[in-house]
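Those protein sequence lines, which keep their order, are chains A and B. With this note's numbering applied, the first sequence closes on residue 1508, and no number is skipped along the way. With this note's numbering applied, the second sequence closes on residue 288, and no number is skipped along the way.
Because the hints were derived from the structure by calculation, they are not lab data. It is possible that some hints are incorrect.
Said to hold, decoys possible - Here are the simulated DSS-like cross-link-like pairs (lysine-lysine), alpha carbons at most 30 Å apart as the crow flies:
{"id": "1", "chain 1": "A", "residue 1": "Lys1493", "chain 2": "A", "residue 2": "Lys1374"}
{"id": "2", "chain 1": "B", "residue 1": "Lys179", "chain 2": "A", "residue 2": "Lys1295"}
{"id": "3", "chain 1": "A", "residue 1": "Lys1272", "chain 2": "B", "residue 2": "Lys153"}
{"id": "4", "chain 1": "A", "residue 1": "Lys1295", "chain 2": "B", "residue 2": "Lys186"}
{"id": "5", "chain 1": "B", "residue 1": "Lys170", "chain 2": "B", "residue 2": "Lys182"}
{"id": "6", "chain 1": "B", "residue 1": "Lys186", "chain 2": "B", "residue 2": "Lys280"}
{"id": "7", "chain 1": "B", "residue 1": "Lys153", "chain 2": "A", "residue 2": "Lys1295"}
{"id": "8", "chain 1": "B", "residue 1": "Lys153", "chain 2": "A", "residue 2": "Lys1248"}
{"id": "9", "chain 1": "A", "residue 1": "Lys1295", "chain 2": "A", "residue 2": "Lys1272"}
{"id": "10", "chain 1": "B", "residue 1": "Lys182", "chain 2": "A", "residue 2": "Lys1295"}
As the list claims (entries may be wrong) - Okay, the calculated bits of chain A under chain B, using three or more residues with CB under 8 Å as the criterion:
{"id": "11", "segment": "1230 to 1244"}
{"id": "12", "segment": "1288 to 1297"}
As the list claims (entries may be wrong) - Residues on chain B that point at chain A, a partial pick, calculated with CB under 7 Å:
{"id": "13", "residue": "Ile95"}
{"id": "14", "residue": "Pro100"}
{"id": "15", "residue": "Thr104"}
{"id": "16", "residue": "Leu107"}
{"id": "17", "residue": "Pro111"}
{"id": "18", "residue": "Ser113"}
{"id": "19", "residue": "Tyr149"}
{"id": "20", "residue": "Arg155"}
{"id": "21", "residue": "Pro157"}
{"id": "22", "residue": "Gly158"}
{"id": "23", "residue": "Gly160"}
{"id": "24", "residue": "Gly161"}
{"id": "25", "residue": "Phe189"}
{"id": "26", "residue": "Leu205"}
{"id": "27", "residue": "Gly206"}
Cβ atoms here follow ideal geometry from the backbone N, Cα and C, with glycine treated the same way.
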Amino acid sequence: MSDKRLTMKEAIARFVDDGDVVAAEGFTHLIPFAAGHEIIRQRKKDLTLCRLTPDLIYDQMVAAGVARKLVFGWIGNPGVGSLHAIRRAIEKGVPRPLEIEEYSHFGLLSRLKAGASGLPFMPLVTYHGTELPHVNPNIRPVTCPFTGEALYAVPSLTPDVTIVHAQRADKQGNTQVWGLLGIQKEAAFAARKVIVVVEEVVDEEAIRSDPNRTLIPGIIVSAVVEEPFGAHPSYVQGYYDRDNDFYVTWDALSRTQEGIERYLDELVYGVEDRVAYERRLDPELRERLKPLPFLSRAVNYGLYR
Amino acid sequence: MAVAASREISDGDVVFVGIGLPNLAVNLALRTHAPNAQLVYESGVYGSRPNRLPISIGDPCLVTGSLQVLPMSETFCYFLQGGRIDVGFLGAAQIDRFGNLNTTVIGDYHAPKVRLPGSGGAAEISWLAKRTIVLLPQKRSKFPEKLDFRTSVGHYEGGGSREALGARRGGPTRVITNLGVYGFEPTTREMILEQLHPGVTLAEARSEVSWPLRVKEPVVTTSPPDESILRLLRETLDPKGIYLGTTS
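Could you build all of it, start to finish, from the sequences and the hints given here?
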């Protein structure tokens, strides 16, 4: 069994190429900020960024100029407001124009589901009467071959690389997640390469003790990166809460490109890695974001003889 | 608005919950007249019993102590497309007289004046829930003759046009604003004013809509919440006033 552990620097250098279609997923939960920052630091170019909800990480990546195109379902700062950098790129072409390809949540996740399933497209009963098919030629009418019902379809999406953050994995990439699962499983199975970033690498026996919790099998994983606190300022269920103050701060500082550049200079370009990043933050922060324990009751898988 | 919205939830309803006022409304209903309502969050959580006010539909407090967490694809496929959602809540930047919603763009799509968040799950909720309730502040610019972009379908062009498009169910039944409560006229499916909140005049409501507003006579005054409900909202559900602001 191969040991796929790499540093973030190595994993991004080896598996993310200029021009790639990248899906860094995670619905509010487990957003791979550490990986996004490393992509910015390595000044990758012309990426097509896919995400159901671009969130702050894509706002930062768009402002840093790594993206050519954005494929999305909802662009906002959840619970706070707008994503100003992405809006500036779309409305004013600052710092550079950004091509967009827009779906509803169900539409975009269906594209990944088709990609993960080896299907050319996925049918949906929605989109009738909305104007989304008028602005996105990838949402097309089809007829059900059995009932004749008018449906819409979206094509499969197979990212060059999917990046997911998770609670834990073994060194081969068998990855366990609890809490919100988002569309990480679909995004991982759809991709050619998968980078898994985890709070902790555990031994294989820990994974084998609870196989129902494994979301991503090691067989599809290219790299395992151990990066504690790597989803900050988003959260990891059971490990740390969302740093909501930062989401609010981002709303103010991202209103100008200069504001974002100051942030990037200090906390992305200005640090070597995630350890250095955390050293720049309030030393009390990690403790403040730590939840009280709420343990699941263990289940009995049985040992069969 | 939160109180009026909570009254729309019946005991036992399976509710697809958004964040902000809808979340408050549903939690208020749970603690008052609808203790058996079940909450489904788009993020994939069923049967949430959050012990703090969630900041977004992805808040970890929705998961801890819930009944089930599903991948989002299953939430959309089995709960929504599968027809298991009774009520969905929606907000919007613009609404037209048939309850169609714009959350995509102000101005031209390709040269936007204001780029809005987009559909998210709204296009699906509006099409697949058995009924939807729309909450938005009432301003003339938000109630235009014609939407800048139709993101989510309500009663489409009125009459039976939603069904003619292929809808299996649903459509908006209520629009709740800071001025009043609207229903939809059964034949034309046009928005019709049914209640004015205390202190709001008919002239005010008319002036904040771009089309000639239909009114169901006699317009009644929304009954104000009693003291215990206000206390529940202000002291327990939103003690920091994050969502209540001044429009509770």
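Hint numbers the structure violates, sorted upward?
Result: hints 6 and 16 break, sorted rising.
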